[in-house]
Structure formats: C-alpha cells, structure tokens
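Here the protein sequences come in this chain order: A and B. Residues 1 to 148 (the working numbering) are what the first sequence spells out, left to right. Residues 1 to 144 (the working numbering) are what the second sequence spells out, left to right.
Hints may contain errors.
Said to hold, decoys possible - Some chain B residues judged to face chain A by a derived CB distance under 7 Å, without partners named:
1) N9
2) G10
3) G14
4) S18
5) I22
6) D33
7) L34
8) F51
9) M52
10) L73
11) A81
12) V127
13) L135
Said to hold, decoys possible - Distance condition first, Cα-Cα at most 25 Å in a straight line; then the derived DSS-like pairs of lysine-lysine:
14) B:K112 - A:K89
15) B:K112 - A:K14
16) B:K23 - A:K14
17) B:K23 - B:K4
18) B:K8 - A:K84
19) B:K20 - A:K144
20) A:K142 - A:K84
21) B:K8 - A:K37
22) A:K41 - A:K51
23) A:K18 - B:K112
24) A:K142 - A:K51
25) A:K41 - A:K84
Hints are computed from structural coordinates only; laboratory data are not their basis. Where a beta carbon is used, it is the ideal one built from N, C-alpha and C, also for glycine.
Each chain is listed here by its residues.
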Amino acid sequence: MVELLQHAAIGSLKLSLKLIFIIVPLMVAYEFLQNSKTFKKILRTLHFVLKPLGFSEHASVSMLTGIFLGITYGSGILLAQSEKDMLTKMDITLTAVYLSMCHAVIEDTLVFMAIGGNGFYILGTRLVIATIVTFMFYRYLKGKLDKT
Amino acid sequence: MDFKTNLKNGLKNGLSVSLKLIKTIVPFYIVIDLLRHTQFANIIGNYLSPFMKPFGLTGKMAIAIISGYLVNLYAAIAALAPLNPTWQQVTIVGLMTGISHNLIIEGAILHKTGTNAFFTIAFRVTVSIMAGLALAEYFRLVYG
C-alpha cells in the first residue's frame, strides 16, 4: 500500500512539473507578444480570416485573446469593448459561440502533448469544428439579427 | 511596457496557473492511480467500455472524460496519465475535453450573465461527442 501510494505521489508530481515547465514559459511569451508591434499585424491577419464568418474588425482583439489565452481574459476584453459600443450584436454572439468551443488552445494542446497526444490533430480539429459551427450560426442568425 | 514588466507579469500568470494545476492534478492522479489496482475500477471499466468503444477508448478512460467535463483539463490529464493511453487516445481525450470542460463552474458563471446555461452545456457536450467520434473514426481509417 505504501509503495502504491508512493508511486502515485511521485507520478503526480512528475506530471505537475512537466506541465509547469510548459505553462510558465508560455505565459511569459504571451505577455511579450501582447505588448509587441507584431500583435497588431497578427490582429490584421486574423480579421481576414474572421470577416467571412461574420465578425467585424473590432472583434479580433477579444477573439485572439480568447483563443490563445482563455475565456476569462478574452471575455474581460470583450466586456470592455462592448461597453464602448464597438461591437455589433452579431460580434458578441459569434464570439461567444466560437470561444465556448475553442479557447486557451495553446495551453490545452501543449498540456495534452506533454502526456503524448498529437498536437496537430487536437488543435486542427478544434479550430475546424469551431469555425464550421460558428459559420452555421452566422448563416442562421444573419437575417434575424439585422432586423432588430 | 518594458522587458522587466513583461517578464514579471508573465511569470506571475504562469505561476498562478501552475498552482491551480497542482491542486487539481495531485489528488486526481493519486486517486486514479490507486483505483487502477482495485476491483472497483475494473467493474466501472467493464460497464462503460461499450460506450467508450466508438471513441477508441477503454472503459476506464470514461473517468478521464467525465473528470474533464465536470472539473477541468488538468483533472482529465491526471485521470488519463496513469492508464497508459496510446497517443491516439490522448489526442481524442484532449480534443473532447478541450471543447467541453469545467461545465459546472463555467455553466454557473454563464447562468449569472443571463445566458441559458443548460443550452450552452448541452451544446458543448454534443459538439465534443461528435468531434470525438469523428476523430476516432478518422484514426481507425488512417492508422487502423
């Protein structure tokens, strides 16, 4: 019993350490990226991708933050922006739909890669599915939201 | 923003996430690793294995999916790691719990903001199950 417990404790600590070594550098890297000039370029590129899905230009910041860092950070920015009336009703709905399926993807993918998962399939499938579902919502809501 | 501030904020965020992660992983991992050796886990595993088969997972791995759905991804990882999963199984669990996780807390928060929590939970679980089935089917076709 003691041996089993020891085995479990060591295994859990090893796994925790592995994940900490992934997460801390990731957070540091994101902090640098967020405050760099490249960030604006990425936002502009993202808008090209998001435009056909029904997003306006202002939605890019909260989408980027939400997709990469997580829904808590993303929704903070989203709330700040919607208070400034920068986002359309469509933006808010679509962002919620997309981010509910697809947030904090870098962290999520890396932690599963740490125990042997394939990052390409985890990330790729998630992005593709979230994009398809969001597009379906856009098509469905297009006529309805415009009228109100 | 200078170099020092970026580094400091990044480290602070990283460590606070890490702390949260240890709190989840250590207890979950220990419980699952110990349960693995008991008859109880085999009974659950046998009972759930027909439901998990379409996902290419073993019955016991249902615990990882459920942990992910109800708690968070770290709970799912902690429950999955001791079961010696193949890379396909890790990938499928990663995809499914990635789409749908932490449903109780996130549902409660959404409920407060006025969104229909029942709808978002049902929506995410449905998408997650369909995604898992699709990826499992793809793996069967490509990798056998």
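(Q) To test your reading of the hints: which numbers does this structure violate? (A) 8, 9, 15, 17, 18, 19, 23
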